[in-house]
Amino acid sequence: MSEREERRFVEIPRESVRLMAESTGLELSDEVAALLAEDVCYRLREATQNSSQFMKHTKRRKLTVEDFNRALRWSSVEAVCGYGSQEALPLRPAREGELYFPEDREVNLVELALATNLPKGCAETAVRVHVSYLDGKGNLAPQGSVPSAVSSLTDDLLKYYQQVTRAVLGDDPQLMKVALQDLQTNSKIAALLPYFVYVVSGVKSVSHDLEQLHRLLQVARSLVRNPHLCLGPYVRSLVGSVLYCVLEPLAASINPLNDHWTLRDGAALLLSHIFWTHGDLVSGLYQQILLSLQKVLADPVRPLCSHYGAVVGLHALGWKAVERVLYPHLSTYWTNLQAVLDDYSVSNAQVKADGHKVYGAILVAVERLLKMKARGGGRHPEDPPWGGLLLPEPPAEPGFAPAPPPPAAGPAPAAPPATLAGIYRELYAFFGDSLATRFGTGQPAPAAPRPPGDKKEPAAAADAVRKMPQLTASAKLSPPGDESPRGGPPAAPATSAAESRPLPRVHRARGTPRPQGSGAGARDIFQKSRFAPRGAPHFRFIIAGRQAGRRCRGRLFQTTFPAPHGPSPASRYVQKLPMIGRTSRPAHRWALSDYSLYLPL
Amino acid sequence: MAALAEEQTEAAVKLEPEGPPTLLPPQAGDGAGEGGGTTPSNGPSGGGGSVAAASSAGGDGGTPKPAVAMPAAAPAPAAAASEPGAPHDRQTLLAVLQFLRQSNLREAEEALRREARLLEEAAAGSGVAGEPDCAEAASALLSRVSASAPGPVVPDPPGTGAPGSAAISGSASGSSGPGKVASVAVEDQPDVSAVLSAYNQQGDPTMYEEYYSGLKHFIECSLDCHRAELSQLFYPLFVHMYLELVYNQHENEAKSFFEKFHGDQECYYQDDLRVLSSLTKKEHMKGNETMLDFRTSKFVLRISRDSYQLLKRHLQEKQNNQIWNIVQEHLYIDIFDGMPRSKQQIDAMVGSLAGEAKREANKSKVFFGLLKEPEIEVPLDDEDEEGENEEGKPKKKKPKKDNIGSKSKKQDPNAPPQNRIPLPELKDSDKLDKIMNMKETTKRVRLGPDCLPSICFYTFLNAYQGLTAVDVTDDSSLIAGGFADSTVRVWSVTPRKLRSVKQAADLSLIDKESDDVLERIMDEKTASELKILYGHSGPVYGASFSPDRNYLLSSSEDGTIRLWSLQTFTCLVGYKGHNYPVWDTQFSPYGYYFVSGGHDRVARLWATDHYQPLRIFAGHLADVNCTRFHPNSNYVATGSADRTVRLWDVLNGNCVRIFTGHKGPIHSLTFSPNGRFLATGATDGRVLLWDIGHGLMVGELKGHTDTVCSLRFSRDGEILASGSMDNTVRLWDAIKAFEDLETDDFTTATGHINLPENSQELLLGTYMTKSTPVVHLHFTRRNLVLAAGAYSPQ
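First to last, the protein sequences are chains C and V.
Residue numbers are given in our numbering: position 96 of the first sequence equals residue 96, and the series is strictly consecutive.
Numbers in our numbering are just positions in the second sequence, counted from 1, shifted up by 601.
Isolated chain C (complex conformation) (with noise of 0.2 Å):
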């Protein structure tokens, strides 16, 4: 066989058969070595030929020694064993000339077998489906047909996201804030973002659970705030989430204890915050969420609760979404909030405590609308209403400063704006004093001018709806700076000092020149508060439907009612209403906030 030129077979020399037989302890002849190595040559490429076989039938292009110990087998010939790995057997060679043999390193089995850290298993045998070419074009994902899970999601990656997971909704606080900030600044892990959006998602079914929402929530905020990721298709999933929080009966509203409503308003912020920041990112998003909000609150059906969420949420998408929302749907859906406010039982208790949040949240949107209508509308169209408000962090860095609304998502008024006076008169209407306190203008308004104390609206609104509960001021019902939003730090010097602030404050502001031209006359159109100039500036405003700060969730709520303060013109209802306004807040978050209750007039 030598004498050929192409061989094309590895040949056995007599040698090696020669040697051995003589390992068994066989003498051979050259001649009977020489007939055997040919015998065992051809054999062997028999088996080989025939063990081709198999591994076309299994579909491979390597031929694997399980393919030759078929053959072997069907050949009546015992199976080799020992060889099955699936890895090149490696070849090392002999230090004399060309000798080479296969490694064949000892294991120590005692070893193997006390050993703790047992080789994890093979992943089982999956089926997934891809759509690899629609339409007989494109290519959906290049090549795709691993899913992209698998092959992009490495072990640094896997280990980052259970970490950050488990910090987020463990115990440590201070392990979730380092979490929460490293995942706001991470720059690599966009990798994970499905995962922490769907992790998001979660809130679903947590709902009972108050702790959870918040700590999703600010991981929904954190991947917001991460200038390096691109959240793309995924603000979507990111808004419904919040959504979910801001208008959903969660169960964890069941429990009047629960401060659920603290959640709410962080939700609401966040979802204003998503929109301004990556609204551009989802066409048509903007429509979709006032569509959802609208159809939350034009739906009796639902629990007060969503219908305070679905305010806050409109109020956070700023003033132009309450004036169309809001502000249309105002008079039917006073109707119904009257009917609880004006339910004195006691099982509607509780129902009618929700009812004046939800007034209260009304209030401070049609005021800010107010606001923003006479400041002229146009100029900082869209403020952040209550920016970082409600977080339990102050909103430190200026990142959080609503970048200017998308032109495309951006609100078109669908009714013709009213006017100004149009619509506080007719807000006026609903709200009367309550309203006018907020201005704090302290004038009669020229429109409707009516005595103080007289509780009977004039002229323009319906008998009942001048039936409305005014839940405007109290007299030092509470012990200062614990109420009120605008109250001092608990280490405030005088708190008559800064609950005085406000008078002095307007009056202040009425001697300024007015800084818009086009608010020319805005103030004239705010009818004076009936109560408030009267000498004694012990008003307070308690309605402001936030409670800041999540640890003193529920604690004052419907306990302290503020008692009946001689002939105080604030309504009887105020009597039988819960402290709504508290705040736990220091006050320099609120001087932080763009939150003010007072018209740069």
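To be clear, the hints were calculated from the coordinates, so they are not data collected in a lab.
Just to be clear, a hint being listed does not mean it is correct.
[Stated by the list, open to error] Covered stretches of chain V (chain C as the covering partner; in silico rule of three or more C-beta atoms under 8 Å from a C-beta of chain C):
| # | segment |
| --- | --- |
| 1 | 1074-1084 |
| 2 | 1090-1096 |
| 3 | 1370-1380 |
Even glycine gets a Cβ: it sits at the ideal position worked out from N, Cα and C.
Go by the hints and put chain V onto chain C.
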């Protein structure tokens, strides 16, 4: 087979509920062989259970030394199958007689003789008159003396080399050419030497090279028009001369002969040459399958009369007896009148292990039309519609007229008689499924070059290179994978989980009258997405769902085919018979029957309620790699490693078509939905298209660079999808490929084809996967392509 026949009738009586009331009748022609089947209860050589099969197949499976006997045995049924008519049976009978005598089974022989005499008398009249050649061959066998061949061309039936006959005809088959008489002692080496004896004749070994180069010179100097045709001689002559040298132990001469001339051979014979080159000793010839193929089957060449005359004259002038002997003994020269074929025409058709198919092999009529659809739609459909809403009505009526109407209303002239093959009756659930199918049909995408289908890929992850077979149900709700670790795994690809039926004890508690009893019998606890079926003891190479989705078939290296219930997810039957790896299996489109093919070179037809095969389709010279049912269930196509595709008639087991032209083992097959065409894919990466009615190759699709593993036509036959080991799916314009077929009489008569070089025009798209060979393709009822394969990194 008598035993088998009894079995069948018996089963027909007792298995009423499951199977069709009438069963496929026992093969008429097998009557001759059946006599043998009854007697050897003590078995010729320990075949045991497979005696019946053995006798009918001429000793297949029952012979003692599988390695040797199997390859020899395989072609036997071909003799029975491929040549219809009595004379052939007679030949088989004689072969069996000889075999029995050799095995010293006197009793059996006597019994067979008694039986056979009757049959012989019955058959003699028509058979012998009809095909004198065969009769001659038969008598030659009978006399057991060497007889000179009747003429220059020996029109032997393809079964000359049948094992039975091979075993006995040792001496007879040395029907040596003029001048030489072989006398062989058969007795001492009954198996191999009988087969090899033909090589006993020998000339001067040193002259072989001269002979060959002389012929080579002659052919190269002949006219162009003849050269191409005569060049076909090179390969078979080369092989046989080499084998003769080896057999006569002229090792060195053989080697040098090989070295000198193997470069002249066509590239597509490389694989066989590689096998040959390792064969240098007479001892090695024993049991070498390729060698046996050459010996037991005649290499078929198709040559025009002019060219043949030229050759004959040359050989006679030169007194080149050596070559002349080979031509006469080992080649079958199919002479036709008219123009010699061009090189291209020849190249398109050659390449198989045993040359081209004889023209007669493809002459018999094939009923390729579709069966009439049973008219169940109208009443049931109406009921269904009433049950549903009104809006569905107008939509549904239309397609019924379009699709079903054209198929079912008028009988297709090419369709077989409706009850040619007894088919199972439709159950209610089948009817419901048909209705579902029809509804889906209305939503089907009409595909075309401008509207290509979407492709979904089912990737088997973590299969560790072990995925060997995939099947998807017709409604695309289940996917099954056969794995190298002997498991069969079934996944539900819809949200509906797989559930088993409850245990018997629990079942007895169920209210059988309730409406939702079918729901109640399911055990909710067993619901899961995946079910693993354990039972095989070797890689599972084939899997097939029954059309009603109640069963799953799997074929394995362990030689068995298993039938699994998808209600209980247990094995119901293990069909034994192949004894060697079973490469493929498939259910009939009407259920009940199934076909399998394996390493033993035969395909078998089974019925689910019979533990033995109903038919054995033998004739392939190498492994049967893939098997497919014709849409009308009357035919079975098999693709083999001998590089031929054969079409078999289920009714009588005859081979009705032999398609040659592939240059590599065939690994995929599919029929067009209208039943007229067949597409085949091979390891050479080419897909060939065949017209079944005319028995012609009608197209060649080049593009794949590796084995074509899967082929499938779209539901309406507009698109052919092919999946390959080269990790691509390609879509071909089937309408255009079949559009203007030259099926004029001349082409049909001569079988000369001119293939257009239009692969590139027909290729509609190439779609890459990521290192995932495409093992299976499927068109959903709405014409979405589902492809499947195992991700294999590297």
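Cross-check of the supplied hints:
1. 1074-1084: holds (count 3)
2. 1090-1096: holds (count 3)
3. 1370-1380: holds (count 5)
Comparing the model with each numbered hint stated earlier shows that all of them hold.
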